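Undergrad: Here the protein sequences line up with chains A and B, keeping their order.
Mind the numbering: the first sequence is residues 1 to 459 in full-length UniProt numbering, read in order.
Mind the numbering: the second sequence is residues 1 to 459 in full-length UniProt numbering, read in order.
Hints in this document: simulated from the structure, not taken from any laboratory.
Check each hint, because a few of them may be wrong.
[To be verified] Listed next, with one range per pair, are the computed distances between beta-carbon atoms:
hint, chain 1, residue 1, chain 2, residue 2, range
1, A, 164, B, 79, 41 to 51 Å
2, B, 459, A, 391, 18 to 28 Å
3, A, 135, B, 159, 48 to 58 Å
4, A, 163, B, 168, 16 to 26 Å
5, A, 89, B, 399, 42 to 52 Å
6, A, 382, B, 399, 35 to 45 Å
7, A, 55, B, 215, 50 to 60 Å
8, B, 296, A, 67, 28 to 38 Å
9, A, 215, B, 215, 33 to 43 Å
10, A, 41, B, 24, 32 to 42 Å
11, A, 382, B, 69, 49 to 59 Å
Given the structure is predicted, the values throughout are model-derived calculations rather than measurements.
Every residue, glycine too, gets a C-beta built ideally from N, C-alpha and C.
Spelled out from the first residue to the last, the chains are:
2 protein chains.
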Amino acid sequence: MAEVNDTPAPAADAEAYTLDELREIYTEKGVEALDAGRLEATSPYTVGSFLSRLDVDGRREVLRLIPLEHTTSILSEMDAEDAADVVEAMREPRAVQILEELDPDDSADIFNEMEAADRERLLGKVDDETAATMRELISYGPDTAGGIMTTEIATARPSMTVIQTVRHIQRLNDELEHIFYVYVVDEENRLLGVVSMRDLVMHGPLDYLRDFMTRDLKGVCRVDMDQEQVARLMAELNLNAVPVVDADNRLVGMVTHDDVLDIVQSEATEDIQKLMGAGGDEAVNDPVFQSIRRRTPWLLINLVTAMIAGSVVYAFEDQISKMAILAACMPVVAGLSGNTGAQTLAILIRSIALGDIHSGEDRRVCIREMFKGLMNGLLIGLTAAVTVGALTGNPMISVVIFTAMVMAMCFAGMAGAFIPLMLNKLGFDPAQSSNIFLTASTDIFSFAVFLGLGSWILL
Amino acid sequence: MAEVNDTPAPAADAEAYTLDELREIYTEKGVEALDAGRLEATSPYTVGSFLSRLDVDGRREVLRLIPLEHTTSILSEMDAEDAADVVEAMREPRAVQILEELDPDDSADIFNEMEAADRERLLGKVDDETAATMRELISYGPDTAGGIMTTEIATARPSMTVIQTVRHIQRLNDELEHIFYVYVVDEENRLLGVVSMRDLVMHGPLDYLRDFMTRDLKGVCRVDMDQEQVARLMAELNLNAVPVVDADNRLVGMVTHDDVLDIVQSEATEDIQKLMGAGGDEAVNDPVFQSIRRRTPWLLINLVTAMIAGSVVYAFEDQISKMAILAACMPVVAGLSGNTGAQTLAILIRSIALGDIHSGEDRRVCIREMFKGLMNGLLIGLTAAVTVGALTGNPMISVVIFTAMVMAMCFAGMAGAFIPLMLNKLGFDPAQSSNIFLTASTDIFSFAVFLGLGSWILL
Chain A
1 MAEVNDTPAP AADAEAYTLD ELREIYTEKG VEALDAGRLE ATSPYTVGSF
51 LSRLDVDGRR EVLRLIPLEH TTSILSEMDA EDAADVVEAM REPRAVQILE
101 ELDPDDSADI FNEMEAADRE RLLGKVDDET AATMRELISY GPDTAGGIMT
151 TEIATARPSM TVIQTVRHIQ RLNDELEHIF YVYVVDEENR LLGVVSMRDL
201 VMHGPLDYLR DFMTRDLKGV CRVDMDQEQV ARLMAELNLN AVPVVDADNR
251 LVGMVTHDDV LDIVQSEATE DIQKLMGAGG DEAVNDPVFQ SIRRRTPWLL
301 INLVTAMIAG SVVYAFEDQI SKMAILAACM PVVAGLSGNT GAQTLAILIR
351 SIALGDIHSG EDRRVCIREM FKGLMNGLLI GLTAAVTVGA LTGNPMISVV
401 IFTAMVMAMC FAGMAGAFIP LMLNKLGFDP AQSSNIFLTA STDIFSFAVF
451 LGLGSWILL
Chain B
1 MAEVNDTPAP AADAEAYTLD ELREIYTEKG VEALDAGRLE ATSPYTVGSF
51 LSRLDVDGRR EVLRLIPLEH TTSILSEMDA EDAADVVEAM REPRAVQILE
101 ELDPDDSADI FNEMEAADRE RLLGKVDDET AATMRELISY GPDTAGGIMT
151 TEIATARPSM TVIQTVRHIQ RLNDELEHIF YVYVVDEENR LLGVVSMRDL
201 VMHGPLDYLR DFMTRDLKGV CRVDMDQEQV ARLMAELNLN AVPVVDADNR
251 LVGMVTHDDV LDIVQSEATE DIQKLMGAGG DEAVNDPVFQ SIRRRTPWLL
301 INLVTAMIAG SVVYAFEDQI SKMAILAACM PVVAGLSGNT GAQTLAILIR
351 SIALGDIHSG EDRRVCIREM FKGLMNGLLI GLTAAVTVGA LTGNPMISVV
401 IFTAMVMAMC FAGMAGAFIP LMLNKLGFDP AQSSNIFLTA STDIFSFAVF
451 LGLGSWILL
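Here chain A stands alone, though its shape is the one from the complex (with noise of 0.2 Å):
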């Protein structure tokens, strides 16, 4: 949510706020002590990272004091689901005014955060263009190219001049924030070339757009194509924005850089949540009942594979009654074991979502993660084995101990690789909780095969 200037911003005369100002001056003094010309000289990004920590009626006081060319601004850096809560929250005329002011991309990512009457209520009071632009960007997936693009287009056909097509985009000017390019298209809307405002720049007035357009274009997405399939077609291919098509290869809109920025953070973000457990796309700012009931799900799923790990240990009750050592070598074992694992996990999961790992070498790279998982296994074991045995004065506690390090970090490294590649193969998101799996598999393994050797040589 978040739209791209031509040109950096200029700053106004009046002192921007920070965003601790901002907290301090409305926590200790309330709104009335809040400056409008210096609000309006801070940047949307960080009026709209304060707003975003109020409760819906401080939204309403604070906004009340920006005029309404900021508004939108700040409510298209705003997270599409705080944006519809405030402008759910406005009286109507207003919030048909800014829904109508907005980039249609955002404008529809709001539409997509509200309530379904609010929806409808208030796609019945924008005016007729906006709202069927609304429909049909509502229509698209909110992770695809058409749910992402913008439909605000240059566009222009093969028989223009240079000079006719910069009157053509003068006039548009107004309503496009920003253009990169100008897509030639036939009389019924079909993408045949592009040409960028270099081009237009580096060629003659009376030069016709067929001549020196680009014809192959490589960077076109379907309007169905996954936004993460975007992202890193354009980094591929380092591209400013590309071209969005329907099933016809008509043009029906535009994604910019600054999507796919928000894209890849985004997505980064969900890995790592999800890798622990988390929700994926929880902040650390959320309403508290609404983080722990997304957490809950996960944890029970632990308590689980927790008690068949404890199941394993209860099942050599008798030996440990006889050998307590057992019981307080067991934290190694499965921690380094675990650890191992989660090392070759992280760097798992992020090469299967950078595209670093191809197909047929899912079995090679498990292999390799085996072996370094032994070799640490080696290495580790070793001096676990010597510091116990020192400690214990028992060398046969040492054995045990090297043993089965060595086997639980080997197996380790190899589940650190196959879980997420399982994951991934069958169609799940390999991030998802592979860490809870992990651990589950490196517990249960370490305290069956710790416990089985050390019943079998120390008893």
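Fit chain B to the supplied structure of chain A, relying on the hints for placement.
TA: Below, chain B without anything else, positioned relative to chain A:
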């Protein structure tokens, strides 16, 4: 290491190879079976990914099939370390030619990764202008604005008209692959303002730049600004490119949006790998022993923490001998509190990285996370207590399990927030091996509480 195309890349006539095809043909039939025409039609990114997997000899063989111009595009898509290996292995005249052809920022990255002797030798061979630019760029840290900027920028004077400026940049066209903006400077190269390509298209041919250039530039970087700060600035202001100036406000270069995308991707990878105690910049195809060496130190630290946890258990040796069920329940309490902390950790790492937590909020965040741990502890602890009670028929064990889990998960929520916040405050990377420190603290706490309560209540 990637460059901006101002227009989408045109497709050549020959059919492009996919990465899998390249690898298959090369592995099965050798380099002779690769078709030069099809290689040229393949995107530089794909060829770069393919070359990264080959050894130095393989890279040299394949690059012999590729014309100079395409080679530079491929090198600019490769990791600088790999690209430096390739260039160092080339015949000197070709290496010199390529280093002169490459964009200065890419070329400087490659020089940065060379052996010192090779660097000095090649700097002596390239033309004087390239050598001077290289020495300047190398002098900036690789992670600063100066290290990632390109020096190929278009400048103009405020007294120039649109038509003069257009003629001027038309002459520069061959040198400058990507022009978004023309920077307006005084006679000492101090930055006065900027005009975009779009400004040039939108204004009359006889308008003076000084009359419409944007003077108040918010997005200006100093050469020594950290690359993460540059990325955040560009993301917040939604800019395509930012000018880079030295201490005297003299324009020295420009950072473009594709550089920022690379930074954001690699920062996310680093976070996730460091979090799990891996190297931070390990790739799935790194040499096996290099990646083992990077992971070993963290596993040794983990061995120390695991032994401390083990010695806590050992302190309860007598109690465990009398009641081995305690050992069986340990993994449940420790596992659940470890994963509760991991959920919090995942949220915090990204919130800190994205700048969502502000000064003075640390205490509030820790308390909120502790509360979330407490709530889930009550729920999960109750479930575990009922299950274990039913399985063992011993209600007092249920009491111990419930109490220990509530306390341990409450502690884990707090620790999952406290550890990264404290690392950050102390000036360390908050992600650095947080997971190892976290599981150490949750293991030790949960063993002590559970076994302590168990001894007290059950024996």
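Undergrad: None of the hints should be skipped; say for each whether it holds.
TA: To see whether the hints hold, each was checked on the structure:
1. At about 46 Å, the beta-carbon gap between residue 164 (chain A) and residue 79 (chain B) stays in the expected band of 41 to 51 Å.
2. Roughly 25 Å separates the CB atoms of residue 459 (chain B) and residue 391 (chain A), a value that falls within the hinted 18 to 28 Å.
3. Distance hint check for residue 135 (chain A) and residue 159 (chain B): the Cβ-Cβ separation is about 51 Å, which falls inside the suggested range of 48 to 58 Å.
4. For residue 163 (chain A) and residue 168 (chain B), the hinted distance range of 16 to 26 Å is satisfied, since their beta carbons lie about 20 Å from each other.
5. Remark: the range hint 42 to 52 Å for residue 89 (chain A) to residue 399 (chain B) is upheld by a beta-carbon distance near 48 Å.
6. Between residue 382 (chain A) and residue 399 (chain B) the Cβ separation comes to about 42 Å, which falls inside the hinted range of 35 to 45 Å.
7. Roughly 39 Å separates the CB atoms of residue 55 (chain A) and residue 215 (chain B), a value that falls outside the hinted 50 to 60 Å.
8. In this structure the hint that residue 296 (chain B) and residue 67 (chain A) lie 28 to 38 Å apart at CB is violated, the actual value being about 59 Å.
9. Restraint check, residue 215 (chain A) to residue 215 (chain B): a C-beta distance of roughly 39 Å satisfies the suggested window 33 to 43 Å.
10. Taking 32 to 42 Å as the suggested C-beta distance range, the pair residue 41 (chain A) and residue 24 (chain B) does not conform, at roughly 59 Å.
11. A hinted range of 49 to 59 Å holds for the C-beta pair residue 382 (chain A) and residue 69 (chain B), which are about 54 Å apart.
Hint violations for this structure: numbers 7, 8, 10, all remaining hints satisfied.
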